[in-house]
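Novice: The chain contents come next:
There are 2 protein chains.
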Amino acid sequence: MNGAETLVKTLLASGIDTCFANPGTSEMHFVTALDAHPELRCILCLFEGGASGAADGYYRMSGKVAATLLHLAPGFGNAFANLHNARKAQSGVFNIMGEHASYHLQYESPLKGDTAGISQAISHWTRTSETAATVAADGAAAITAARANGGQIATLILPANTAWEDAVAPAVAAPPAALRRPSANQIAAAIRALRLPGAALMIDGTALHGELATLAARIAKAAGCPLIQPCLVARMARGAGAARRTRMAYRIEENLPLMADISNLVLCGAARPAGFFAYPGMPSLPESPDCRITELCTPTMDYAWTLRALVDALNAPHLTSDDLYPLHLPEIPHGPITLDAIGQTIAALMPAGTIVVDEAISSSAPIFAATTHARAHDWLCVTGGAIGYGLPNAVGAAVACPNRKVLALQGDGSAMYTLQSLWTMARERLDTTIIIFANKGYQILHYELAAMGAPKPGRNAAHMFDIIDPTLDWTALAHGHGVPATRVTDMTGFAAAFDAAMGERGPRLIEVVC
Amino acid sequence: MNGAETLVKTLLASGIDTCFANPGTSEMHFVTALDAHPELRCILCLFEGGASGAADGYYRMSGKVAATLLHLAPGFGNAFANLHNARKAQSGVFNIMGEHASYHLQYESPLKGDTAGISQAISHWTRTSETAATVAADGAAAITAARANGGQIATLILPANTAWEDAVAPAVAAPPAALRRPSANQIAAAIRALRLPGAALMIDGTALHGELATLAARIAKAAGCPLIQPCLVARMARGAGAARRTRMAYRIEENLPLMADISNLVLCGAARPAGFFAYPGMPSLPESPDCRITELCTPTMDYAWTLRALVDALNAPHLTSDDLYPLHLPEIPHGPITLDAIGQTIAALMPAGTIVVDEAISSSAPIFAATTHARAHDWLCVTGGAIGYGLPNAVGAAVACPNRKVLALQGDGSAMYTLQSLWTMARERLDTTIIIFANKGYQILHYELAAMGAPKPGRNAAHMFDIIDPTLDWTALAHGHGVPATRVTDMTGFAAAFDAAMGERGPRLIEVVC
Chain L
1 MNGAETLVKT LLASGIDTCF ANPGTSEMHF VTALDAHPEL RCILCLFEGG ASGAADGYYR
61 MSGKVAATLL HLAPGFGNAF ANLHNARKAQ SGVFNIMGEH ASYHLQYESP LKGDTAGISQ
121 AISHWTRTSE TAATVAADGA AAITAARANG GQIATLILPA NTAWEDAVAP AVAAPPAALR
181 RPSANQIAAA IRALRLPGAA LMIDGTALHG ELATLAARIA KAAGCPLIQP CLVARMARGA
241 GAARRTRMAY RIEENLPLMA DISNLVLCGA ARPAGFFAYP GMPSLPESPD CRITELCTPT
301 MDYAWTLRAL VDALNAPHLT SDDLYPLHLP EIPHGPITLD AIGQTIAALM PAGTIVVDEA
361 ISSSAPIFAA TTHARAHDWL CVTGGAIGYG LPNAVGAAVA CPNRKVLALQ GDGSAMYTLQ
421 SLWTMARERL DTTIIIFANK GYQILHYELA AMGAPKPGRN AAHMFDIIDP TLDWTALAHG
481 HGVPATRVTD MTGFAAAFDA AMGERGPRLI EVVC
Chain W
1 MNGAETLVKT LLASGIDTCF ANPGTSEMHF VTALDAHPEL RCILCLFEGG ASGAADGYYR
61 MSGKVAATLL HLAPGFGNAF ANLHNARKAQ SGVFNIMGEH ASYHLQYESP LKGDTAGISQ
121 AISHWTRTSE TAATVAADGA AAITAARANG GQIATLILPA NTAWEDAVAP AVAAPPAALR
181 RPSANQIAAA IRALRLPGAA LMIDGTALHG ELATLAARIA KAAGCPLIQP CLVARMARGA
241 GAARRTRMAY RIEENLPLMA DISNLVLCGA ARPAGFFAYP GMPSLPESPD CRITELCTPT
301 MDYAWTLRAL VDALNAPHLT SDDLYPLHLP EIPHGPITLD AIGQTIAALM PAGTIVVDEA
361 ISSSAPIFAA TTHARAHDWL CVTGGAIGYG LPNAVGAAVA CPNRKVLALQ GDGSAMYTLQ
421 SLWTMARERL DTTIIIFANK GYQILHYELA AMGAPKPGRN AAHMFDIIDP TLDWTALAHG
481 HGVPATRVTD MTGFAAAFDA AMGERGPRLI EVVC
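For the protein sequence lines, the chains are L and W, in the order given.
At position 484 of the first sequence the residue is numbered 484 (my numbering), and the sequence of numbers has no breaks.
At position 408 of the second sequence the residue is numbered 408 (my numbering), and the sequence of numbers has no breaks.
Think of the hints as simulated: they come from the structure by calculation, not from any bench.
Here the structure is a predicted model, which is why all the values come from computation and not from measurement.
One should not assume that every hint holds.
Below, computed lysine to any residue pairings styled on SDA-like, alpha-carbon distance capped at 20 Å [what the hints assert, rightly or not]:
id	chain 1	residue 1	chain 2	residue 2
1	W	K112	L	K64
2	L	K456	W	H124
3	L	K440	W	E428
4	L	K112	W	T298
5	W	K440	W	L329
6	L	K112	W	K112
7	W	K456	L	R292
8	W	K112	L	F276
9	L	K405	L	P351
10	L	K112	W	P283
11	L	K221	L	F276
12	L	K112	W	K440
13	L	K456	W	A188
14	L	K112	W	H124
15	W	K112	L	P299
16	L	K221	L	P317
17	L	K112	W	R251
18	W	K221	W	R180
19	L	K405	L	P299
20	L	K64	L	L212
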């Protein structure tokens, strides 16, 4: 048994059964080992950013770590941006980065690069295997690290000779260390803060969906305080039956009034809110300067335990239907394309359980608002602000949840970053519907420029924001990747295309000219 | 004048007039400053790997440093793979990496990342501007660094507030430090080595084109020894009128016999040759173990001076027509598609001065062989082995040389990495012809697997090499980006499409089904 075989067996023995891969020569023995283990599902991505983004989406929807297979430092570089989003989403990802045979590294071969350096710039955990004999234990340690602290980026650098040389046996990943918990005094202090006037409870992460979301809402109800979440979150339950809460806005000038009356902010599993960017003359922080902040539980602590402790300490009441969003499906609008009308159509037609992957950027807010009372669904955001997250995350979400519809809302500028993921959707027959908001550019930058206090863009500057001359043809791009596509120019056309997409399985793309 | 304005003026005052950009919010003030300076040509790339690869191709063909504009750590990550190729090509590149305002970095905003860490994993020089007042001097220092040691990667991290706050004046980049030169004793020792039996002269870099290529050939002629170059080089002059020399192969098993009779290898501006990868049971180095290596001049030393010193010391004769490749244009073949026939057609039809950007990978060797006696042309390679270099490099080469035809030879798997560059070709009306060798996969990996001594791939492994189910439709992909395209299935069709492409200006793509 060679090192690569022990690694594949270690993955399987440790409960990892999915690998998003873009292999090269240094990963050949790992790929060969897959032939003996079809139970490890290996999914080809035509660009490494597709692999890392898919592992992120997979974790967000399954809570399970997937492996990625990346080719030396440049391949890891291609994966970097979506590892950044995964890190900010607290997704556990196990990267296997191929490397030259250790004895070959003394020479200046073309692909030699700083594998450890680039890994350390984004990974929580990095290790280079020294020998084939240690590969299994190194892999197990990496898996443990990926599962630690609520989800981390763990990278194992695998010199080719450690993959092909003889090894002994696979290993099994140990469970990660127990998460830290707040003390009884800290719980008591947080409860006192929550009961003060101007209190608010801020949550994030796993408290935005499932059982923990219910616990968080019960705590806020017991304390009689608002329940707030950040704008860009890994995953949030929404629509009918979801607990009511307030989402912060992207724009700092909208968050300032939202936070103005909050004088006691309790952070529970959430980082301190900060502006997405700094702008001249604007504060970095949305809360008022005299707001008192109580940090009960950082995102890497034992969030579930903390929420249950708060529920118990408060003897928090159960939720009633008044605490939940009711189902309210709008009429399907006709007429010219508007973002509000698209949101209403989506709300009317998307099935229960839909996973919405939102990278619509400047087109997002109206769709988000219009789907508040849609059927129950999950909503995923670009947590790290690195565009190109949407299509890869949709791949991972669809692999994690094969029986749920995945709906990717995509700005055209951001979709272009990782459009190769369309091909993986076609190959794997993933049940993904992609809506491209073809507004012909990085429209958000026009807002950002104004927010920066800069003058209206002249010809040169506007040329850097607008994807015109030529315009992109998204139906052709989709067809090129093997994905059926339609272009729509009015709401009747959109409703027909979207209804058809919801009624069938498999990938399809709708280009909305707006 | 704000910091961004001083930086734009510093670029122009220092002779940099081209910027390949994918800007975001943190780069807004730089973009705005462009409005006042249309003489700085700013070219939009829809993915940062397109920007870094274009800067690489631009340097290879012009010898001039271009700037890139990248958006924080994830944007730099996207640029990383082609910066790796640029580094291996010894291309000078000046990266401007936007960063959060320095006072905003204390908070955990979504895009906060390890900007310095990822830069240091690939850049020779990294600096973060501390204040607006230092931006101009920092930019000038970065430009000097990019031009130092024969071409380097220099990265300036620009916190947003240093761009928008008041600054004083632009700066001008100082010339880089003088390059090191070998001693008279080293020159004499190299000449003795070159005159020994079994001697060979190995060259690279700027000695592969232009005046220095002539000097190198004169030295080898005077010494009566073979003239050898590495396989993957930044740029080499080829075709009629180019000096004869031997190119090493990609495969180590072809290089072993090539080097078997060489017992005295003199390295002049070339790194010690090493296998692209290590393979079980194969040596890392191509030369015989008792080959003596004399390193006269590293790639970062004064190459031009060294070559002239050798010519003078040897009193090297001028070249005659026997030392140069003659023009010999083949007939245009018909019949089924073969790589040999495609090479012959290219040789027959491509105009003098064509720049061939070769990322055909497994399809490359026959085209290379068939064009040996074509009209004079330059040939560029994937120096760092990081695929996705071709289309971006073609953009940069076409911007550098607007009056020359650029011919990109692309494997389909590698073209998929950075296909967004097609759009930039369309927007900038670049005179690029792209040939896609649609062999439906990473065919090189089938060779690599065998070279690794691994068994024939089973279904799972082959599924990771073959881009089938679905196949990519390259004419649709090109149309989607605004580039006219044709698919050809026989040699008559290829000759017609290629002849038309050579006769017109502007981008076009030919998909060769093979």
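Novice: Each hint needs a verdict: does it hold in this structure or not?
Specialist: Here's how the hints hold up against the structure:
1. W:K112 - L:K64: Distance ~25 Å between K112 of chain W and K64 of chain L Cα, so the pair is violated.
2. L:K456 - W:H124: 37 Å, violated
3. L:K440 - W:E428: 17 Å, holds
4. L:K112 - W:T298: Distance ~18 Å between K112 of chain L and T298 of chain W Cα, so the pair holds.
5. W:K440 - W:L329: Violated, because 30 Å separates the two Cα atoms, which is more than 20 Å.
6. L:K112 - W:K112: Given that 20 Å is the threshold and the Cα spacing comes to 28 Å, the pair is violated.
7. W:K456 - L:R292: The hint is violated at about 65 Å.
8. W:K112 - L:F276: Holds, at about 9 Å.
9. L:K405 - L:P351: Roughly 7 Å separates the two Cα atoms, so the pair holds.
10. L:K112 - W:P283: 17 Å, holds
11. L:K221 - L:F276: 29 Å, violated
12. L:K112 - W:K440: 27 Å, violated
13. L:K456 - W:A188: 64 Å, violated
14. L:K112 - W:H124: At roughly 15 Å apart (the allowed maximum being 20 Å), H124 of chain W and K112 of chain L satisfy the hint.
15. W:K112 - L:P299: Roughly 17 Å separates the two Cα atoms, so the pair holds.
16. L:K221 - L:P317: 7 Å, holds
17. L:K112 - W:R251: 17 Å, holds
18. W:K221 - W:R180: 26 Å, violated
19. L:K405 - L:P299: 29 Å, violated
20. L:K64 - L:L212: 17 Å, holds
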